[in-house]
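Let the hints inform the model, and build the full structure from the sequences given.
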Amino acid sequence: MKRKKIFKLLQTEAPIDKLLIQGWVRTRRDSKGFSFIEVNDGSCLKNLQVVANESLDNYSEIKKLTTGSAVAIHGKLVESKGGGQEWEIQAENIEIVDLAPESYPLQKKRHSDEFLRTIAHLRPRTNKYGATFRIRSEISYAIHKFFRDRGFRYIHTPIITGSDCEGAGELFKVTALDLDHLPKKDDRTDFQQDFFGKEANLTVSGQLSAEMFALALGDVYTFGPTFRAENSNTRRHAAEFWMVEPEMAFCDNDGNMDLGEELVKYLTTYALEECGDDIELFAKWVDKNLMATLENTATSEYIRLPYREAVKILMKSGQMFEYEVDFGKDLQTEHERYLTELYFKKPVIVYDYPNVIKPFYMRINDDQETVAAMDVLVPNIGEIIGGSQREERLEILEARMDEMGMDKAPYWWYLDARRYGSVPHSGFGLGFERLLMLITGINNIRDVIPFPRTPSSIEF
RNA sequence: UCCCCAGUAGCUCAGUUGGCAGAGCAGAUGGCUGUUAACCAUCGGGUCCGCGGUUCGAGUCCGUGCUGGGGAGCCA
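The numbering used here puts the first residue of the first sequence at 36, with every later residue one more than the last.
Worth flagging that the hints you see were computed from the coordinates, not collected in a lab. If a hint is listed, it holds; no wrong ones were tucked in.
25 Å max Cα-Cα, derived BS3-like pairs, lysine-lysine:
| no. | residue 1 | residue 2 |
| --- | --- | --- |
| 1 | 111 | 98 |
| 2 | 53 | 81 |
| 3 | 111 | 37 |
| 4 | 40 | 116 |
Distance windows between CB atoms, simulated:
| no. | residue 1 | residue 2 | range |
| --- | --- | --- | --- |
| 5 | 49 | 117 | 17 to 23 Å |
| 6 | 220 | 270 | 39 to 45 Å |
| 7 | 142 | 265 | 32 to 38 Å |
| 8 | 140 | 89 | 27 to 33 Å |
| 9 | 210 | 98 | 54 to 60 Å |
| 10 | 213 | 188 | 38 to 44 Å |
| 11 | 344 | 191 | 37 to 43 Å |
In this text, a Cβ means the ideal position worked out from N, Cα and C, and glycines have one as well.
Okay, here's the thing in structure tokens:
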């Protein structure tokens, strides 16, 4: 017999005569003549109560069932005689698949997030982390649905790259060389003898590749892992994270901002509509303001604020900032928080940043000192999206690279795109984990990643 | 990388001016009951993070290292 998922059983409207469920014991309560077993199979937050009568031939074994044990239960679904649940299973046969010994670390009470990180292989068996990773899965699907419904194509950009792309942050090197005996040439490592014949790294962004495909397929997106070797020790950073990067041909920065706002709203709404039970858990136990935050994110009109205006607001704020606010200086976390949490109290899209603080590929505006960049900032999390219109004019792009002292040779193909049928195009990167933090109210990125990678931490 | 905080039973934590190491939960045993993080009783359980120092005496004070957390920078 094929097992029934508890998620489906809880939705049924009539008793079922014969069925099988398989899952793990969350808790057991004994009564005179029978025992109540709460079984969870991971298909949803809720457990299903199983009633085991003492007439079962292995009843003495059943009474020893511990939290964490695996069971397979044949029986019938009946209306519950007790309060608290609509349905329960009257067991006809209980197979103890594996009995968890008393060393099983998860208990029937709340554990700290810090402790659960040390047992990341078991934490998805808790209510909170089960819910987290079901939501992660649902939102992944929603991302594909959002783009597919709008005619975007999904592109698999390379994980291993040959150049450090946009110079964004520290890179993880990829090599097949024997690190104890590196081949040398002129006192430096000779990467000509390495697997690819040149230096290789893990990707920090799929953007440059995605641009090439936007200029062929029109609207495209990537959704995959990204790696940064920065020694960042914060609740918002990980060395390995997932990024969503749409790229659109014939699209300016206004269209870019429209898409970013639409995407965040769509995914927030999707979570509210499709992950109700799991979201409810977070609203109850993790973040009391979660529902208000999600409603605000899903329905309010995001503020569109030129960087120049942002600077003016911050200067007039009367706030004591640790870092000075001035045109040409990047907005600090404290500035972003002031704008989103105190001044506007909702998501803010800051655009048209000074070119001196932004990368080479962003399109120079007519004022010659700003670029068509845009960051979507949300309360509590900060930057959730960073993007721009790309510089499509070959001469201007080359001049910018020269100005910044970049070697243009490795970018020959990127520049080629500006030689042949170049068009205005735009795109952005959405931090997937930061979005999940927004949706769940979880305040540490390590808790929305199955097995997180951070400095000095790669257990599991 | 910088600043701050913490580390005591399996888990969450208390431990007073330096003076015999504690509670709740979990576990084991027994009881009770259509139970709901069930309930009641009994029992077992410690490298007080490591190393060094001060002291008659250190969980407590000092130094140092490690681990974890928070904030900042970098960024998504």
